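Taken in order, these protein sequences are the chains called A and B.
When the letters of the first sequence are read in order and numbered with the working numbering, they come out as residues 1 to 762.
When the letters of the second sequence are read in order and numbered with the working numbering, they come out as residues 1 to 373.
Note that these hints are calculated values from the structure, not bench results.
Quick caveat: nothing in here was measured; it's all calculated off a predicted structure.
Glycine included, each C-beta is placed from N, C-alpha and C at the ideal position.
Accuracy of the hints is not assured; some may be wrong.
[Said to hold, decoys possible] To list a few chain A residues with every Cβ distance to chain B over 10 Å, as calculated: (1) Ser118; (2) Cys258; (3) Ser679.
[As the list claims (entries may be wrong)] Below, in silico cross-link-like pairs of lysine-lysine (BS3-like), each with a Cα-Cα straight-line distance of 27 Å or less: (4) Lys87(A) - Lys103(A); (5) Lys387(A) - Lys414(A); (6) Lys307(A) - Lys289(A); (7) Lys758(A) - Lys213(B); (8) Lys208(B) - Lys49(A); (9) Lys758(A) - Lys208(B); (10) Lys174(B) - Lys277(A); (11) Lys208(B) - Lys290(A); (12) Lys289(A) - Lys174(B); (13) Lys103(A) - Lys49(A); (14) Lys49(A) - Lys289(A); (15) Lys246(B) - Lys217(B); (16) Lys290(A) - Lys751(A); (17) Lys49(A) - Lys751(A); (18) Lys37(A) - Lys87(A); (19) Lys521(A) - Lys542(A); (20) Lys370(A) - Lys317(A); (21) Lys208(B) - Lys289(A); (22) Lys213(B) - Lys49(A); (23) Lys290(A) - Lys213(B); (24) Lys317(A) - Lys414(A).
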Amino acid sequence: MTAITRAAVIGAGVMGSGIAAHLANAGVSVVLLDRDKALADAGVARQLKAGGFMNPAFTETIKTGSVNDDLALITDADWIIEAVAEKPEIKQTLYRAIDRERKEGSIVSSNTSTIPLSVLTQGLPERFTSDFLITHFFNPPRIMRLLELVAGETTKPQIVRTLQDFADRSLGKSVVLCKDTPGFIGNRIGNYWMVVAQNEAISLDLDVEEADAVIGQPFGIPSTGIFGLLDLVGIDLMPTVLRSLQNAVPEDDAIRDCDPEPALIARMIAENRLGRKSGGGFTRLSADKKSRDMTDLTTGDYRPQKKVTSTSLEAAKGDPRALMEHPGPGGLYAAAVMERTLAYAASLVPDIADTPEAVDEAMRTGYGWKEGPFELIDRLGAGWLAKRLSIRGVDVPAYLKLASEKGGFYSTAKGRRTHLLPDGSVEPVQRGEGIVILADLRLAAKPVESSEIATLFDLGDGVACLEFRTKMNTFNTALLETIGKTLEHCRANFGALVIGGDAANFSAGADLRVFLDTVEKGGAKAMGAFLDLGHAIFQAVKYASFPVVGAPSGLALGGGCELLLHCDAIQAHAELSIGLVETRIGVIPGWGGCKEMMLRFSSTLRGPVAPAIAAFNLIAPARISSSAMEARTLGFLKPSDSITMNRNRLLADAKQKALSLAKDYKPPEPPLIPMAGPSGAASLHNMLESEAIAGRATAHDRVIGGALIEILSGGPSADPLKPRTEEEVIALEREAFLDLLFTKATIERVKHMLETGKPLRN
Amino acid sequence: MAEAYIVDYLRTPFAPANRGALAGIRPDDLAASVIAALAARMDFAIEEIEDVNLGCAFPEGEQGLNIARCAALTAGLPQSIGGVTVNRWCGSSMQAIQMAAGAISMGAGEAFIAGGVESMSRVPMMGFNPLPNPSWPEGRRLTFVNMGLTAENLAERYGISREEQDDYSLASQKKSLAARADGRLAAEIAPVGAIVEDGCPRETDTTKLAGLKTVFKAEGSVTAGNSSPLTDGASATLVCSEDFIKRRGLKPLARVVSFAISGCEPEIMGIGPVEASRKALKRAGITATDLDVIEMNEAFAVQVLACCRELDIDPARLNRDGGAIALGHPLGATGARLAGKAASLLKRDQGRYGLATQCIGGGQGIALVLEAA
Chain A
1 MTAITRAAVI
11 GAGVMGSGIA
21 AHLANAGVSV
31 VLLDRDKALA
41 DAGVARQLKA
51 GGFMNPAFTE
61 TIKTGSVNDD
71 LALITDADWI
81 IEAVAEKPEI
91 KQTLYRAIDR
101 ERKEGSIVSS
111 NTSTIPLSVL
121 TQGLPERFTS
131 DFLITHFFNP
141 PRIMRLLELV
151 AGETTKPQIV
161 RTLQDFADRS
171 LGKSVVLCKD
181 TPGFIGNRIG
191 NYWMVVAQNE
201 AISLDLDVEE
211 ADAVIGQPFG
221 IPSTGIFGLL
231 DLVGIDLMPT
241 VLRSLQNAVP
251 EDDAIRDCDP
261 EPALIARMIA
271 ENRLGRKSGG
281 GFTRLSADKK
291 SRDMTDLTTG
301 DYRPQKKVTS
311 TSLEAAKGDP
321 RALMEHPGPG
331 GLYAAAVMER
341 TLAYAASLVP
351 DIADTPEAVD
361 EAMRTGYGWK
371 EGPFELIDRL
381 GAGWLAKRLS
391 IRGVDVPAYL
401 KLASEKGGFY
411 STAKGRRTHL
421 LPDGSVEPVQ
431 RGEGIVILAD
441 LRLAAKPVES
451 SEIATLFDLG
461 DGVACLEFRT
471 KMNTFNTALL
481 ETIGKTLEHC
491 RANFGALVIG
501 GDAANFSAGA
511 DLRVFLDTVE
521 KGGAKAMGAF
531 LDLGHAIFQA
541 VKYASFPVVG
551 APSGLALGGG
561 CELLLHCDAI
571 QAHAELSIGL
581 VETRIGVIPG
591 WGGCKEMMLR
601 FSSTLRGPVA
611 PAIAAFNLIA
621 PARISSSAME
631 ARTLGFLKPS
641 DSITMNRNRL
651 LADAKQKALS
661 LAKDYKPPEP
671 PLIPMAGPSG
681 AASLHNMLES
691 EAIAGRATAH
701 DRVIGGALIE
711 ILSGGPSADP
721 LKPRTEEEVI
731 ALEREAFLDL
741 LFTKATIERV
751 KHMLETGKPL
761 RN
Chain B
1 MAEAYIVDYL
11 RTPFAPANRG
21 ALAGIRPDDL
31 AASVIAALAA
41 RMDFAIEEIE
51 DVNLGCAFPE
61 GEQGLNIARC
71 AALTAGLPQS
81 IGGVTVNRWC
91 GSSMQAIQMA
101 AGAISMGAGE
111 AFIAGGVESM
121 SRVPMMGFNP
131 LPNPSWPEGR
141 RLTFVNMGLT
151 AENLAERYGI
161 SREEQDDYSL
171 ASQKKSLAAR
181 ADGRLAAEIA
191 PVGAIVEDGC
201 PRETDTTKLA
211 GLKTVFKAEG
221 SVTAGNSSPL
231 TDGASATLVC
241 SEDFIKRRGL
251 KPLARVVSFA
261 ISGCEPEIMG
271 IGPVEASRKA
281 LKRAGITATD
291 LDVIEMNEAF
301 AVQVLACCRE
311 LDIDPARLNR
321 DGGAIALGHP
331 LGATGARLAG
341 KAASLLKRDQ
351 GRYGLATQCI
361 GGGQGIALVL
371 EAA
């Protein structure tokens with residue numbers, strides 16, 4: 001298989017520059033070209049600002065240039081991606097130029113979202129077309145996991161496999177193989193859903209707020225809803241895209257019945273109300289910059305934003321079926337949009353995809369839906385939906401009829417998830433090779449241990465996996481005790497342990513409600529016991545007789561971060577927000593977080609106070625990483641820790657990491673921690689006071705900062721010549737934590753965080 | 001006593017720390033590049049140099065290991081020439097010149113390279129491991145290291161407004177941009193590789209400056225716009241005795257007339273140039289009105305304005321090619337830039353007396369009076 005280490009992207013617009021940035025995230029060296037070099041540079045700058053890069057330093061791996069002067073730079077590229085204007089003649093001219101410069105065996109792909117591959121390659125020599133395919137990314141390429149891949153009749157199967165594998169492992173994409181049909185899968189269904197949702201809301205005179213609320217959360221669709229999404233996409237783009245789709249789809253396709261540019265949309269385009277890019281679309285920031293205005297769908301004018309009131313939403317209580325059955329305007333709207341969208345999706349299989357899972361995966365990973373259309377149909381009931389469509393006078397697609405007879409699209413057989421194919425056969429849903437998903441394991445066999453708090457799985461080869469199941473995977477006494485029991489169990493039965501799961505977030509830390517309860521009912525004694533338990537468990541993780549690997553993704557905050565710091569190794573998903581955020585609620589890391597950061601920094605920074613300064617600068621402002629790469633720069637990840645790009649491969653990679661450690665494993669020797677003592681404390685106090693005088697640290701920040709300084713400098717009796725033991729630092733953490741906890745200002749911070757989700761700056 | 005002269009002066013381009021063009025270059029390499037450039041212009045056997053006095057405010061990390069000796073060897077100077085690192089914080093390289101002049105006056109050498117260097121990208125201000133004495137009172141401890149607070153203190157004591165500071169800073173930026181545009185800076189800059197120009201000067205205006213937030217004190221007046229930026233750079237002068245100059249037929253820029261050091265309250269360290277300048281002027285037997293050239297370091301606009309008030313000098317007379325607010329302030333390199341610049345200006349603009357002076361953290365001032373040669 002050809003390795004892809006060098007790539008070229010031509011076209012530095014939103015998509016091209018985003019793809020280039022993500023290739024850089026994957027460690028690929030990239031050439032980015034546009035009409036002139038300045039445009040390519042602007043593309044890199046745009047991505048830097050928009051967060052397309054997982055580490056700002058990655059900009060250095062992108063070389064920019066102009067298509068006219070620098071096309072020779074693509075000579076080394078293993079993969080050349082075209083992302084220029086959606087005009088076949090422009091693309092074809094470029095392809096001919098690319099073909100003159102590219103090396104033999106390089107892959108060329110287009111990021112087109114609308115033009116069929118057959119049109120793109122018309123008249124081009126087979127030497128070129130055999131290396132050509134469509135790779136359709138979704139915006140923003142770093143975040144959206146879907147990559148639609150379309151191969152032509154002459155495309156070499158080998159390059160499809162190469163890209164499939166590279167996109168999966170190195171770019172972290174969910175690759176869906178699509179047929180060469182208009183809009184492929186995501187945009188065919190997505191655009192239909194969007195235009196129906198837009199036009200139905202206009203014809204029902206709904207409020208934008210109600211439409212977004214109804215069409216969003218109850219269906220597991222992102223809370224931007226429909227009008228929020230239109231503002232993001234660009235209101236002027238929709239009519240163009242829809243008209244092009246309407247021209248390309250079969251005669252009887254339902255998308256042809258939709259008005260691509262209702263009067264309201266035409267007016268908004270004429271008034272340059274194009275969405276976020278023009279500073280306002282269906283919503284804009286009000287003149288006072290504090291509130292928002294919304295477009296009234298009846299008058300077309302702006303009016304102040306309203307609180308959502310929907311009798312249908314209230315009655316449905318989050319149940320989509322109850323919502324669609326409700327006679328209120330919200331219910332009628334939900335039914336009109338979702339019945340048609342789901343029926344449309346069912347009508348397109350097998351024309352656009354062979355399996356329901358391909359369609360569902362595309363909508364989940366390309367549009368951010370929690371469940372794809374076929375999963376939604378199963379939740380609503382295929383029979384129920386078919387009946388509703390008949391009543392509405394809409395043709396019931398044959399595939400939906402089939403599913404209603406067979407009891408739905410998905411089922412389980414022999415421990416595997418299956419789906420119903422359009423020919424009536426039932427096949428297991430295929431996962432990529434080497435992917436470990438705990439939900440699959442749960443279907444296949446009973447877990448080793450299971451409770452409402454956590455589940456212990458057998459990953460095979462002597463590796464266990466502990467998955468937390470509390471809300472946001474927060475820690476309470478029961479979960480800590482479960483970890484303790486798991487360690488006991490693993491010592492007798494497994495060679496290594498992975499901590500991680502399927503959930504989006506690793507752990508949001510301690511459960512604040514439990515925390516507050518403990519403080520208010522149990523006082524210092526109860527809280528002290530809770531702290532001691534955490535310390536004991538996390539130390540037990542560190543000194544277990546077998547390796548423990550943390551496998552975080554999403555949030556790993558506070559106690560979640562501290563647990564990871566005690567693991568032997570971390571196998572992190574690239575999208576990792578890790579941080580010791582305790583100061584936000586008025587305390588300091590109390591489960592060994594200070595201690596572990598001091599150990600990490602002591603191994604990399606020399607001198608008596610440099611490690612403490614580094615730890616202080618991380619903990620006092622509650623720094624959170626914006627990626628696993630940044631987590632490495634910040635010091636949360638050690639050089640020996642690893643990063644997985646594809647979320648679905650995280651547990652598999654963590655298992656491998658655990659296996660590599662398990663051979664001849666010896667627990668670490670208890671280290672000594674150098675502490676700077678009072679001189680170091682004086683230095684840190686200078687920093688803290690400077691921040692306070694500058695107005696960047698509040699009165700309580702000073703109190704918390706002071707407590708943190710005591711720990712990081714080792715207290716008044718510390719001396720750089722006499723390092724502290726872990727127990728001594730733990731004792732300092734404990735004391736500082738309890739002192740802070742019983743201050744009024746800290747309790748106010750905790751309560752404020754519980755009520756608003758935001759830190760109180762008191 | 002033998003007379004000492006500043007014979008030649010060069011500096012590297014000055015670039016903003018961390019994001020600038022010199023951030024990737026080790027400070028000893030930076031110093032070596034300007035020393036080598038200066039050595040290349042010498043019309044005499046280089047072995048006749050006695051010593052390399054190199055100022056550095058935070059001589060640790062890549063600036064440690066006696067950076068003066070490291071830079072001299074890297075520059076390819078003969079091993080027979082010495083190297084001494086001089087530390088008086090911001091006054092380090094002006095001190096290096098004073099040490100050269102002092103040695104010459106007592107016959108302990110005839111020719112010296114005196115300069116300075118600071119990579120504020122690669123060694124942070126106050127160093128990697130600041131360990132102040134905890135027995136000091138907190139206020140003293142803080143103003144000893146937080147220069148911005150000392151500037152705020154001066155603004156309060158002298159009642160100098162934000163507007164005055166911003167106006168002064170804008171003028172400094174304009175002077176430096178004009179000097180660069182007219183090619184008046186090129187003569188003193190020894191390029192580092194492809195880097196030939198200063199990176200700090202900015203096109204700005206009153207509105208932009210007024211919009212900046214204060215950095216050091218919430219309700220204060222000192223901003224990034226009216227302070228010198230963190231900077232990377234190096235400078236070097238050639239200081240020789242009168243005899244040496246005559247023997248070798250050199251054309252000096254200026255004679256070192258007098259110099260002085262003074263101490264002041266650390267809490268208002270920016271006022272340091274006042275007493276130091278008074279002492280140096282008195283030793284030279286002249287007054288401020290006799291000065292044709294004044295190079296006063298612009299650590300902060302407020303500190304320059306306070307000093308001008310005390311010394312009764314019109315701020316418009318200072319720093320005719322722009323000051324540190326615009327050009328940058330690589331701590332250890334600034335003193336030799338000011339002295340070399342003053343000497344060059346006396347020659348270029350045909351003045352007689354010149355003054356170079358700076359404030360120094362921890363509460364000190366340093367000053368040097370020159371006379372056109």
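Flag every earlier hint the structure violates by its number, smallest first. 3, 5, 9, 10, 12, 13, 15, 17, 19 and 24
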